[in-house]
Amino acid sequence: MYSSARGRENLYILKERNPRQPQSFRAADLIPETSSSATKTVHPHPQILSLSSTNPQYQSLYLQIFRSIVQSDKSMMGLENHEAQLYASREEMESLVLDDDDNNNNNNGNGTNPSSRSNGGANGDGSQHHHPLSPSSPFAEISTTDDDDPLLSSSSSSRHQNPSSFNSFLEPPSYADAVFRSFDGDRGKQINGHGVASTSSPSSGSDYLKVSVTDPQKEQDMNNSLVPGGNSFVTYLITTWTNLPEFNGTEFTVRRRFKDVVTLSDRLSDSYRGYFIPLRPDKSVVESQVMQKQEFVEQRRMALEKYLRKLAAHPVMRRSEELRAFLQAQGKLPLMKTTDLASRMLDGAVKLPKQLFGESVLSAAVDPDDVAQPAKGGRDLLRIFKELRQSVTEFYGTKPPVVEEDTEFLEKKKLEDFERELSNVSQQAESLVKAQQDVGETLGQLGLAFVKLTKFETEEAMFNSQKVRAADMKNVATSAVKASRLYRELNAQAVRHLDKLHEYLGVMLTVNNAYADRSNALLTVQTLLSELSNLSFRVEKLEAAASKIFGGDRSRVRKIEELKETMRVTDEAKNRAVREYERIKENNKKELERLDKERHDDFFGMLKGFVVNQAGYAEKMAGVWEAVANETSGYAKSS
Amino acid sequence: MITTQRSPTGGGGGGSQSPRSPSSQPPFLSVSVTDPAKMGNGVQAYISYKVITKTNLPEYQGSEKIVIRRYTDFVWLCDRLFEKYKGIFIPPLPEKSTVEKFRFSAEFIEMRRQALDTFVNRIALHHELQQSEDLRTFLQADEQTMERARSQDTGIFKKKPSDLMSIFRGVQSKVTDVVLGKEKPVEESNSEYDKFKKYIFELEDHLAEAQKHAYRLVKRHRELGQSLADFGKAIKLLGACEGDALGTAFSELGAKSEMLSIKLQREAHHLLMNFEEPLKDYVRAVQSIKGTITERANAFRQQCELTETIKLKEIDLNKMRLIRSEKMLDAEHEYEELKVAGQEATRRFETIVKLMNEEIVRFQDQKTQDMGRAFHEFAKGQARLANAIADAWRSLIPKLDSLSVS
Numbered sequence: 001m002y003s004s005a006r007g008r009e010n011l012y013i014l015k016e017r018n019p020r021q022p023q024s025f026r027a028a029d030l031i032p033e034t035s036s037s038a039t040k041t042v043h044p045h046p047q048i049l050s051l052s053s054t055n056p057q058y059q060s061l062y063l064q065i066f067r068s069i070v071q072s073d074k075s076m077m078g079l080e081n082h083e084a085q086l087y088a089s090r091e092e093m094e095s096l097v098l099d100d101d102d103n104n105n106n107n108n109g110n111g112t113n114p115s116s117r118s119n120g121g122a123n124g125d126g127s128q129h130h131h132p133l134s135p136s137s138p139f140a141e142i143s144t145t146d147d148d149d150p151l152l153s154s155s156s157s158s159r160h161q162n163p164s165s166f167n168s169f170l171e172p173p174s175y176a177d178a179v180f181r182s183f184d185g186d187r188g189k190q191i192n193g194h195g196v197a198s199t200s201s202p203s204s205g206s207d208y209l210k211v212s213v214t215d216p217q218k219e220q221d222m223n224n225s226l227v228p229g230g231n232s233f234v235t236y237l238i239t240t241w242t243n244l245p246e247f248n249g250t251e252f253t254v255r256r257r258f259k260d261v262v263t264l265s266d267r268l269s270d271s272y273r274g275y276f277i278p279l280r281p282d283k284s285v286v287e288s289q290v291m292q293k294q295e296f297v298e299q300r301r302m303a304l305e306k307y308l309r310k311l312a313a314h315p316v317m318r319r320s321e322e323l324r325a326f327l328q329a330q331g332k333l334p335l336m337k338t339t340d341l342a343s344r345m346l347d348g349a350v351k352l353p354k355q356l357f358g359e360s361v362l363s364a365a366v367d368p369d370d371v372a373q374p375a376k377g378g379r380d381l382l383r384i385f386k387e388l389r390q391s392v393t394e395f396y397g398t399k400p401p402v403v404e405e406d407t408e409f410l411e412k413k414k415l416e417d418f419e420r421e422l423s424n425v426s427q428q429a430e431s432l433v434k435a436q437q438d439v440g441e442t443l444g445q446l447g448l449a450f451v452k453l454t455k456f457e458t459e460e461a462m463f464n465s466q467k468v469r470a471a472d473m474k475n476v477a478t479s480a481v482k483a484s485r486l487y488r489e490l491n492a493q494a495v496r497h498l499d500k501l502h503e504y505l506g507v508m509l510t511v512n513n514a515y516a517d518r519s520n521a522l523l524t525v526q527t528l529l530s531e532l533s534n535l536s537f538r539v540e541k542l543e544a545a546a547s548k549i550f551g552g553d554r555s556r557v558r559k560i561e562e563l564k565e566t567m568r569v570t571d572e573a574k575n576r577a578v579r580e581y582e583r584i585k586e587n588n589k590k591e592l593e594r595l596d597k598e599r600h601d602d603f604f605g606m607l608k609g610f611v612v613n614q615a616g617y618a619e620k621m622a623g624v625w626e627a628v629a630n631e632t633s634g635y636a637k638s639s
Numbered sequence: 001m002i003t004t005q006r007s008p009t010g011g012g013g014g015g016s017q018s019p020r021s022p023s024s025q026p027p028f029l030s031v032s033v034t035d036p037a038k039m040g041n042g043v044q045a046y047i048s049y050k051v052i053t054k055t056n057l058p059e060y061q062g063s064e065k066i067v068i069r070r071y072t073d074f075v076w077l078c079d080r081l082f083e084k085y086k087g088i089f090i091p092p093l094p095e096k097s098t099v100e101k102f103r104f105s106a107e108f109i110e111m112r113r114q115a116l117d118t119f120v121n122r123i124a125l126h127h128e129l130q131q132s133e134d135l136r137t138f139l140q141a142d143e144q145t146m147e148r149a150r151s152q153d154t155g156i157f158k159k160k161p162s163d164l165m166s167i168f169r170g171v172q173s174k175v176t177d178v179v180l181g182k183e184k185p186v187e188e189s190n191s192e193y194d195k196f197k198k199y200i201f202e203l204e205d206h207l208a209e210a211q212k213h214a215y216r217l218v219k220r221h222r223e224l225g226q227s228l229a230d231f232g233k234a235i236k237l238l239g240a241c242e243g244d245a246l247g248t249a250f251s252e253l254g255a256k257s258e259m260l261s262i263k264l265q266r267e268a269h270h271l272l273m274n275f276e277e278p279l280k281d282y283v284r285a286v287q288s289i290k291g292t293i294t295e296r297a298n299a300f301r302q303q304c305e306l307t308e309t310i311k312l313k314e315i316d317l318n319k320m321r322l323i324r325s326e327k328m329l330d331a332e333h334e335y336e337e338l339k340v341a342g343q344e345a346t347r348r349f350e351t352i353v354k355l356m357n358e359e360i361v362r363f364q365d366q367k368t369q370d371m372g373r374a375f376h377e378f379a380k381g382q383a384r385l386a387n388a389i390a391d392a393w394r395s396l397i398p399k400l401d402s403l404s405v406s
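Chains L and X, in that order, are what the protein sequence lines are. Position 297 of the first sequence, counted from 1, bears residue number 297 in this note's numbering, the numbering being contiguous throughout. Position 90 of the second sequence, counted from 1, bears residue number 90 in this note's numbering, the numbering being contiguous throughout.
Quick caveat, the hints were computed from the structure, so don't treat them as lab data. Built from N, CA and C at the ideal position, the CB exists for glycine as well. Hints may be right or wrong, so weigh each one.
Claimed, not checked - On the chain X side, residues computed to face chain L include the following (Cβ under 8 Å): (1) Ser227; (2) Cys241; (3) Arg394.
Bound conformation, chain X alone:
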């Protein structure tokens, strides 16, 4: 039905998840996040990861480097990039907070590891972001340096970014207000961009719904697995009551049920990692875009305010020129400064616009790839499961036949 060939990953920003195929000639930078280990105790406990970098980029100290990082380090990197690369859709991080109970569950850790791996590789593959000094620091600095850098940021300019970041990471209602201009009169009005904003906001809702059902499907698979196991156990017991051929038949059925139950649990895990998680990642990516939208709105507002101020200044200046005030020189100076600032703001805004336009293409492309893969994994998993079920039950049929006549 679908004959469209998949367009190859566009440009340098190809969104492939974690390509670890270092070929010698072209420049490459590939990172893997591995070996999560629990550090510390009690409330202080956290998970640390081994971050292994392989590269041939000249900016890097060597071809391979291993550092130990924890989640907050990733947050630091994300915040820094967001601050410095406005207009670029910074790859999303996995959620910070989770239910305390699951924080150290193997499944959660593995999911987070995978998400962090994806995160850092997306940065490493992004043609702009991969140049980032902060990325280099993150990938290469020893643990003390890293911690210093992190605490510095926390000390000095954490305040502002953290606010932005909290918006960026999901406080949507505020964003909605800001972006859709319920309280801000200064709002970029551009029908195409408006359409895009609307698209992003609605997309998030749709994706969130799909993700919710996907998660529920994982849960349902687990429950079905549990039910099959219980059913298997019960029917084995019944078989024990029956004895002879029927008893054998029952325990065969019970054994198969229990076997399938394990398959179901495994498939549920596969579903979680390869279908539900990519969907969640998609949601996060959309939320990250909303952060960028907020930034663009801020930049636009700044630009407008400056333009307004400059206009007022110009009127003042003209008045002063008329009365030949002594302050004229100062004012002229100030005016020039403002004009520079205004130009700067306009440039910043325009950069954001330009970057965003590029980023949207990249984003759509990447998501088509990501989702395609997730769909593939989902379908493959379901087919595998269904085949396992069919095989298991089918293999029972001849046994039942021979038992029923005996």
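For reference, chain L alone in the conformation it holds in the complex:
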């Protein structure tokens, strides 16, 4: 699973940096730079992988995705092989290229050569980024210097700490590097401004909150380590730059470990029920055992960075106390761990957030601790069973649950349809990318075959006609190789654009989580309602029994009083539960509106980026082939 995830990342996280807008907060700036750091390109698709272990409901979806991951991984493998092959033979080609004007191109091609890149020199060399095919291209060039971004310089320094052996293993021979200029150049920037809207706040304006995760360090757990060295963990340096007023400052660094992130995530999902909260990276228990330590740590670092950046981009999460504490508070994470294992296992069905009980009620009815850690108190255990029973009866439909309004149900159905079609499109997009890649690859091979043939004919030439033919062949061969390279660049860009689809598959999971919050809240309401009716029934019975005895049975009266008090508390709790439910519903609605808006922008950005890119590269290819067609027009059939 791991390796496939890696392949996928290679393929899909090919983000472009945008140094012309260093001030404004854009998630694209925050995305790891594939170009300069090979190690950064490797991490699993966190939303998708983390889902596998927790939510059986999406198993099938997950399997689907997984299959496509594997597929794309395979295609990567194919690509890698091809690359090797292509480059091997390209050297050959260069040695035989007859005219000087082509050397330029070939050298340029070398810029993507993995070996030259791992030297670390390729990044700074601007000439390699320049595409010689179209010096007068209407599409602007994106500068590739990364000096003007504090994130980049800091993270690249951390990269240098990575031993270089890392690179050789992790560095994909991806052509991301080759694509410094994309066809959506200038226009793409505007698009991207929206294009990453799901990870950037649409309302942020000039607000920014940038986070980077760097410098993993191994530490010993001093408290409870029985075996020396047996209880080590890794901390990450988390750096924040912001101008949000809540932070009272502009730059912070803290050290956090993965556990802290888990706590943050748990606290957020407790406090922000009904919101589409970005999913935290999976614990990846298997990977941590299987993978090389360094590699695993790097993968996790990237996943964490991605996660934190998504949080920072969420209009509500970015202003949450929890995130602020996580990013800012020095020393140990001040956030309390909210849950224990039992309650986690039963998840939503158990949680009655403390908001349900007012302070007075809390003191009267339940111990505050019990609310904080619900599964510990006996009363709460009882509630667990009640809620479970409630959910079971609901499940079997013996008792009609409080039905959600039809319109909302339709809304949900619409989301499910959307999710299904989205996953279908993302699959098709992958095979499209694969097919495009195959065409490019085959064109390259064809070109090389003709390169060899050219060489052969030139060497063996006995007649002038052979020389003429060889020259024609060379012409075609060079063009085929050029076109192949264009296909490769096109594909890297297409992947970048279509990645939005995958991103939204991840977003759909957070949507589903938010909806689950809502059904759980509804379940709580229902449980409290039935408990209430239970209580009132008992009170009625006792009152009826008490009324038969004149003057009243003291113990009975006390019992009735007690029950009534419980009823009052329960009623209070019910009201709060209803309010909580309404609140979550409201959150759902707000988030859905936000999502609709962002999706609108994102998808238009994606479509436009994709289309502009396809058109731009097609134009280039047309140019390449038209030149050949003109030069060979002498052969055209006269008829």
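The hints should help you fit chain X onto chain L, whose structure is shown.
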């Protein structure tokens, strides 16, 4: 970059594919193979073609003649020419066997038709081959006569030619052994000719590789077309979920994808017919040359053997002269006969050598033309495709812009 002007087709053997420009004054012979039709049923089923000849050559019965021929008739013509015109590179036929499943597919039939048309026109244009009586028979004889001629050959001297022909049509390993002299000690040794042989054999490998990739490219184009169609469909469905402007944008994109998918399929076909097929034809031509090389080796061997025999005979004869044997007269007679045969063999061999030297020039010239045309078609097709793609996507941009603000 290439400023060399294309040399006009050399001599009478110009390799232009199927020139149908009958001008009245100079002699002409032009043939077209058309209207493939499926005949018979089941295993017996075959495709027949209409072969239309237009000519002003006096040897022909009239100016226009239409006959019905099937693939085996073309094979007959090819075999006969190969037998009779040793040293000439007989134009290659399209492959005989193919996967049964595709035998009657429209694409295969069309490709074969085109290849047969090219084949027969190359013969008609060849200054030697166009004189062939067999060609006249093939172009003019009624169907019964043709069938008789064909079955006669199959009956009487099919054995030998078929062996040769099978070599000629591609069993290369044997040819390699024979020609490169792994088992035959008698081998022409001539550095220039050796170089030529090596050239031909390596050329075949290179061409086969290029052809393989070209074929794969056709397949890749089709797959890309299919993927685009699927992508288009899926994205339309997604559009249906979205409704409003975004939905419209999605379905526009989907529609364009589906439209491009059709373009890709069409271009894939063009690529197959005008680029991959000429490459394959090139490979076949090289294989045909290898057949000629085999013939030359045979002729050379025959010549050598005869020379050897004649030498031995001469020694015998001299001995007989010494002892004044009675058999001397007979032997002298035999010796004279052998000498004639030897001269004949030498002449045959030399004819082959001479013809081949001419043919090589013609072959190289023709292939430069053929490949030039194929390259042109390839580049044109790719440019056309790329332009179609660019246009389609570009036309979407303003729509997307207006939709995204609405």
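The hints, checked one at a time:
no., hint, verdict
1, Ser227, "holds, 4 Å"
2, Cys241, "holds, 5 Å"
3, Arg394, "holds, 4 Å"
This entry satisfies every hint, going by the numbered hints stated previously.
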